[in-house]
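Asks: Residues per chain are reported as follows:
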Amino acid sequence: MVSNQIILGALLVLNAALYAPLVFTVFRRRRRKVNASNLADAFNGLELALKEAVPDLPPGFTWEEAIGRLRASGVQTKGMEEALKSYEEYRYGGLPLPDLDFREVVKVANMLGGTRGVRSGGASAGR
Amino acid sequence: MRALAAEIRDKVIKEVGKVVIGREKEVDLLLMCLLARGHVLLEGVPGVSKTLVATAFSKCLGLQFKRVQFTPDILPLDIIGGFIFNLKSREFEFRKGPVFTNILLADEINRAPPKVQSALLESMQELQVTVEGHTEKLPFPFMVIATQNPLEFEGVYPLPEGQLDRFMVRVNFRYPSKEVESDILKRNLSGIDVNDVKTALTLGELEALVKQVDGVKVSDEVLTYLARVAEATRNEGSLVLGASPRAMVQLVHCARAKALLGGRRFVTPDDLKSIASDVLTHRLTIDQAAALKGVSRNPEAILTAIFDRVEPPR
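Residue numbers (our numbering), protein chains in the order written: chain A, 1 to 127; chain B, 1001 to 1314.
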C-alpha cells in the first residue's frame, strides 16, 4: 500500500517536471534583451520588437509609421529619430554604416519587451 | 544644394501662402511634380481655390504662364497652334499655340472634347508638338496644370485612362477645415492680389534642382519593393486596371523630388508610401461588378490596404 505522502511527493515532482520548462521559457523570453553590436543590429532588433509588441501594426509598416505609433503611446523617440536618419542613409542611401550611439534604439526595443533578440549578421542584416 | 531645395520649398509655400491659405500640401505636390518633370491634375468642386493655387504657384516661379479655358467648342488649333497662311509672304507659317509656355493652366479640361484632350498627349509625353509633319520643341520647363470638377456630368468629357496616365499626380482639393475657412474669410475681407506673390527661384536654380532630382538614389531593394506593390495592384480582385509601369516610374520620380525637397539624396519607403495615393489612385480602375457586390472600396482604401500588406525594406 503506497502511502499518501509518497503519492503527493510523486505528484509534486511530476508537476515540477511538467511546468519547469514552461516557466523557464517564459522567464527566458522576458529576460531576452536586444543585444546589438551596431546601428543596423539595433534597428533589426527594434523591428522584431515592434512586430511582437504591436501586433496590429500592418506588415507593410514603415519606420515613420512605427515612430508615429510609439510617439502616440507616449514613448520618447527623439534619440531614436536622430539615429534613424543615419540608419536610413546606410540602408537606402548606400553610405557606410555609421559608428553611432545606438543605445536609444536599443532602449526603445527593450522597453517594448517580449523581444527575441536580433537577427545575426550585423551590418549586413536585413531583408 | 540639398539645403537649397528645402529653402526653395519653404519660399514657394510662403509666397503662395500670401494669397491661398491652407494649401501647403497641394503646393508641395505641385513643386514635387515640377521638379520631377510631371504634370498635375487638380480635382475639386468649384470654389476651392484650384485656379488660384495654380496661378500663384506659376507666379512665384517667375516662369511664362498661359491659361486656357477649355470649352466644348475649343479646337486643337487653339491649344497647340497650326499653319496659317501669311498673305505678305504668301506662305504657310506655323503659329504657336498657348501650349508653347512653361506652365499651361488647362482650366476645366474635361469640358473639352477628346480630340482636344488628346492634342495635349504629345506635348505632355514628348514635350513637343507635331502639326502636319512639322515638329516644334516645347520650352523648358514645361508643365500642364489641369483642373477639373469631378461632380459635373452634363456637357463634360471624362478624361480617358490614357490621358489620365499622363498626369503624374492628381491633387484632390477638399473643403478647408473650419479654422482655415475662417482665416480665408478674414483674408478676403481686405481683398487678394496675386501680384503680391514674389518670385521664389530663378530658372537657373530650377534647372539645377531638376538635375539634382536625377541624382537622388533609389536602392535596388526599394525598386523591388515597388515592383511588388505594382504586382499587387494588378492582382487585386476589386481592380480592373492596376498601376501601369509608367505609373510606377512616375511614382519613383516624384518620390525622388520629395526626397530632395526633404533634404535627402535617397528615397525611403516612407517617401513612396506618402505620395502613392496622389500618384496612383487616378490610374486605378475599380471593378464595377465587385463594387455592386459591395466588395470594392474606394481606390485610396484599396491602395492603403495593398501598401499595408507589402513589406518594405527596413
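No wet-lab data here; the hints were simulated from the structure.
No experiment lies behind these values; they were computed from the predicted model shown.
Be a bit skeptical, because a hint or two may be false.
[Claimed, not checked] Capping the alpha-carbon separation at 27 Å, the derived lysine-lysine pairs in DSSO-like fashion look like this:
1) K1066/B <-> K1096/B
2) K85/A <-> K1011/B
3) K85/A <-> K1217/B
4) K107/A <-> K85/A
5) K1186/B <-> K85/A
6) K85/A <-> K1211/B
7) K1011/B <-> K1293/B
8) K1025/B <-> K1014/B
9) K1198/B <-> K1186/B
10) K1025/B <-> K78/A
11) K1186/B <-> K1011/B
12) K107/A <-> K51/A
13) K1096/B <-> K1014/B
[What the hints assert, rightly or not] Distance ranges between label pairs, derived from CB positions:
14) G68/A <-> K1014/B: 37 to 45 Å
15) K1025/B <-> A20/A: 57 to 65 Å
16) F1083/B <-> P59/A: 56 to 64 Å
17) K78/A <-> E1154/B: 53 to 61 Å
18) S73/A <-> A1290/B: 34 to 42 Å
19) T1285/B <-> K78/A: 52 to 60 Å
[As the list claims (entries may be wrong)] Residues of chain A placed beyond 10 Å of chain B at every Cβ, according to the derived structure:
20) Q5
21) A10
22) L14
23) L22
24) E52
25) P55
26) T62
27) G94
28) L100
29) N110
The beta-carbon is built from N, C-alpha and C at its ideal position, and this holds for glycine as well.
Asks: Confirm or reject each hint.
Replies: Hints, one by one, checked against the model:
no., hint, in the structure
1, K1066/B <-> K1096/B, "13 Å, holds"
2, K85/A <-> K1011/B, "24 Å, holds"
3, K85/A <-> K1217/B, "15 Å, holds"
4, K107/A <-> K85/A, "17 Å, holds"
5, K1186/B <-> K85/A, "40 Å, violated"
6, K85/A <-> K1211/B, "24 Å, holds"
7, K1011/B <-> K1293/B, "49 Å, violated"
8, K1025/B <-> K1014/B, "12 Å, holds"
9, K1198/B <-> K1186/B, "22 Å, holds"
10, K1025/B <-> K78/A, "25 Å, holds"
11, K1186/B <-> K1011/B, "23 Å, holds"
12, K107/A <-> K51/A, "16 Å, holds"
13, K1096/B <-> K1014/B, "34 Å, violated"
14, G68/A <-> K1014/B: 37 to 45 Å, "26 Å, violated"
15, K1025/B <-> A20/A: 57 to 65 Å, "58 Å, holds"
16, F1083/B <-> P59/A: 56 to 64 Å, "58 Å, holds"
17, K78/A <-> E1154/B: 53 to 61 Å, "55 Å, holds"
18, S73/A <-> A1290/B: 34 to 42 Å, "37 Å, holds"
19, T1285/B <-> K78/A: 52 to 60 Å, "44 Å, violated"
20, Q5, "58 Å, holds"
21, A10, "51 Å, holds"
22, L14, "45 Å, holds"
23, L22, "32 Å, holds"
24, E52, "15 Å, holds"
25, P55, "14 Å, holds"
26, T62, "5 Å, violated"
27, G94, "6 Å, violated"
28, L100, "17 Å, holds"
29, N110, "18 Å, holds"
Hint compliance for this structure: hints 5, 7, 13, 14, 19, 26, 27 are broken, all remaining hints hold.
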